[in-house]
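Just so you know, the sequences run in chain order A and B.
For what it's worth, the numbering used here labels the leading residue of the first sequence as 1, then goes sequentially.
For what it's worth, the numbering used here labels the leading residue of the second sequence as 1, then goes sequentially.
Since the hints were made in silico from the structure, they are not lab data.
Keep in mind that the hints are not guaranteed to be accurate.
As the list claims (entries may be wrong) - With a Cα cut of at most 30 Å, we get these calculated BS3-like pairs of lysine-lysine: (1) B/Lys-42 to A/Lys-55; (2) B/Lys-42 to A/Lys-73; (3) A/Lys-73 to B/Lys-57; (4) B/Lys-83 to B/Lys-57; (5) A/Lys-55 to A/Lys-78; (6) B/Lys-42 to A/Lys-70; (7) B/Lys-78 to B/Lys-42; (8) B/Lys-83 to A/Lys-78; (9) A/Lys-70 to B/Lys-57; (10) A/Lys-73 to A/Lys-55; (11) A/Lys-55 to A/Lys-70.
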Amino acid sequence: AQTVTQSQPEMSVQEAETVTLSCTYDTSESNYYLFWYKQPPSRQMILVIRQEAYKQQNATENRFSVNFQKAAKSFSLKISDSQLGDTAMYFCAFMSRNTGNQFYFGTGTSLTVIP
Amino acid sequence: EPEVTQTPSHQVTQMGQEVILRCVPISNHLYFYWYRQILGQKVEFLVSFYNNEISEKSEIFDDQFSVERPDGSNFTLKIRSTKLEDSAMYFCASSEVLSYEQYFGPGTRLTVT
Numbered sequence: 001a002q003t004v005t006q007s008q009p010e011m012s013v014q015e016a017e018t019v020t021l022s023c024t025y026d027t028s029e030s031n032y033y034l035f036w037y038k039q040p041p042s043r044q045m046i047l048v049i050r051q052e053a054y055k056q057q058n059a060t061e062n063r064f065s066v067n068f069q070k071a072a073k074s075f076s077l078k079i080s081d082s083q084l085g086d087t088a089m090y091f092c093a094f095m096s097r098n099t100g101n102q103f104y105f106g107t108g109t110s111l112t113v114i115p
Numbered sequence: 001e002p003e004v005t006q007t008p009s010h011q012v013t014q015m016g017q018e019v020i021l022r023c024v025p026i027s028n029h030l031y032f033y034w035y036r037q038i039l040g041q042k043v044e045f046l047v048s049f050y051n052n053e054i055s056e057k058s059e060i061f062d063d064q065f066s067v068e069r070p071d072g073s074n075f076t077l078k079i080r081s082t083k084l085e086d087s088a089m090y091f092c093a094s095s096e097v098l099s100y101e102q103y104f105g106p107g108t109r110l111t112v113t
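Using the sequences and the accompanying hints, generate a full structural model.
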């Protein structure tokens with residue numbers, strides 16, 4: 001069974017600073033995908049960034065980047081130059097085609113950006 | 001940008017009643033999903049649907065649940081006889097066949113009293 005763990009229920013960061021959200025996972029699969037989704041107060045989840053497990057290079061999307069450590073089964077999200085609009089719940093998710101394309105989510109980290 | 005939509009945004013029902021939650025996936029997507037999130041807990045997979053049939057379902061998705069694609073645009077989740085523990089936010093999602101990104105709707109908050 002796949003499990004995803006986010007050990008930080010709440011975090012805060014000053015505007016313009018950098019913050020890192022942690023995520024670990026457990027799987028016996030070798031080919032899988034990892035995602036970070038953002039859920040603003042309006043409740044619609046939006047994809048932030050995606051990482052394919054077979055790629056060694058860490059994914060980057062503008063101010064968002066990941067630190068993917070496959071051996072350690074760790075997938076952290078770094079947000080640089082934090083903005084007020086980054087305030088949201090952040091979910092880490094795992095997916096493998098061998099398990100039917102369903103997502104396995106962590107419990108989420110509530111991030112507050114302080115002006 | 002195309003979006004997944006869900007109706008209603010909030011549904012209140014009495015225990016034992018049937019409810020139907022509606023979703024309109026993105027038009028060129030062929031995989032559809034339902035997830036639920038009980039307050040304070042993680043988002044949990046319920047079911048995936050492809051080519052007019054269930055392709056995967058979780059242990060949560062028991063005989064009280066059913067899904068249907070009644071026409072070319074809607075995707076519904078029916079709960080036949082609601083229980084208090086069905087109170088949750090229900091999210092619909094869709095994806096292209098070969099894409100691994102799932103697009104989520106805004107959710108329907110179901111309250112069973």
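Do the hints match the structure? See the list:
no. : hint                 : in the structure
1   : B/Lys-42 to A/Lys-55 : holds (27 Å)
2   : B/Lys-42 to A/Lys-73 : holds (19 Å)
3   : A/Lys-73 to B/Lys-57 : holds (26 Å)
4   : B/Lys-83 to B/Lys-57 : holds (19 Å)
5   : A/Lys-55 to A/Lys-78 : holds (18 Å)
6   : B/Lys-42 to A/Lys-70 : holds (23 Å)
7   : B/Lys-78 to B/Lys-42 : holds (21 Å)
8   : B/Lys-83 to A/Lys-78 : violated (40 Å)
9   : A/Lys-70 to B/Lys-57 : holds (28 Å)
10  : A/Lys-73 to A/Lys-55 : holds (14 Å)
11  : A/Lys-55 to A/Lys-70 : holds (10 Å)
Checked against the numbered hints above, the structure breaks only hint 8 and satisfies the rest.
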